[in-house]
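Novice: The sequence shown begins at 1 in the numbering used here and counts up by one.
Do not rely on the hints blindly, as some may be mistaken.
Here are the simulated EDC-like cross-link-like pairs (lysine to aspartate or glutamate), alpha carbons at most 16 Å apart as the crow flies [to be verified]:
1) Lys53 to Glu84
2) Lys43 to Glu107
3) Lys53 to Glu86
4) Lys77 to Glu107
5) Lys77 to Asp100
6) Lys49 to Glu107
7) Lys54 to Glu84
8) Lys54 to Glu86
9) Lys43 to Glu86
10) Lys43 to Glu57
11) Lys77 to Glu115
Hints in this document: simulated from the structure, not taken from any laboratory.
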Amino acid sequence: MQTIRPLPSAPREDSHPPLPTLPAIRSADPILEISVNASAQRKVVNEIKIAEKKISEFEQIYNISTDYQFRHDTYLKIGSHQAEIESNRKRIIKLKRNADYAQKCKEKKRKILHEDQMVILYDKPGRPPFLFEHPNLHDHIHDLIEFGAADKKRRKEVIKV
Numbered sequence: 001m002q003t004i005r006p007l008p009s010a011p012r013e014d015s016h017p018p019l020p021t022l023p024a025i026r027s028a029d030p031i032l033e034i035s036v037n038a039s040a041q042r043k044v045v046n047e048i049k050i051a052e053k054k055i056s057e058f059e060q061i062y063n064i065s066t067d068y069q070f071r072h073d074t075y076l077k078i079g080s081h082q083a084e085i086e087s088n089r090k091r092i093i094k095l096k097r098n099a100d101y102a103q104k105c106k107e108k109k110r111k112i113l114h115e116d117q118m119v120i121l122y123d124k125p126g127r128p129p130f131l132f133e134h135p136n137l138h139d140h141i142h143d144l145i146e147f148g149a150a151d152k153k154r155r156k157e158v159i160k161v
C-alpha cells in the first residue's frame with residue numbers, strides 16, 4: 001500500500017527556538033585611574049580587557065555561524081565572559097575601597113603620632129610583642145646611649161684557647 005504525503009509548500013524550519021540577538025557589549029563606565037603601586041587593580045583591569053576582546057571575537061563568530069548548536073555554545077561563552085567582566089568590575093571597586101581605607105588609617109596613625117606622640121599597637125595573633133616581655137627595654141637602651149655604657153663592650157677581645 002502506498003501512502004501519499006502532501007508536499008510542504010514552505011521550507012522547513014528548525015525545531016530550535018531562535019537565540020536572542022546579542023547586545024553590544026562595550027565598557028559603559030570607563031575604569032577610573034589606577035595608581036602606580038596598585039598591582040592587583042592593574043591585573044584585574046588587564047583581565048577585563050582580555051575578556052572584552054574575547055567577547056568581541058565571539059560576537060563575530062556568533063554572527064557568522066549558521067549551526068544552531070555552535071551558536072548556542074558561543075552564546076554561552078559570551079555570557080560567561082560577561083559575568084567575568086562584571087565580577088572583575090566589582091572586584092576593582094572592592095580593591096579601591098580597601099586601598100582608600102588603608103590610606104585613611106595611615107593618615108590617622110600619622111596624625112596621632114605627630115599630635116600626641118603615641119603609637120597605637122593592636123593585638124595580633126602569634127608571638128606577643130617584645131616590649132610586653134621586657135617593659136623597661138626603652139629605658140635600658142636610653143641609659144646605654146646617654147651614659148656611654150656601650151663603650152666598655154664595644155671593642156672586646158676574645159682569645160680562644
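Novice: Return the numbers of the hints above that this structure violates; sort them in rising order.
Specialist: 2, 4, 5, 6, 10 and 11
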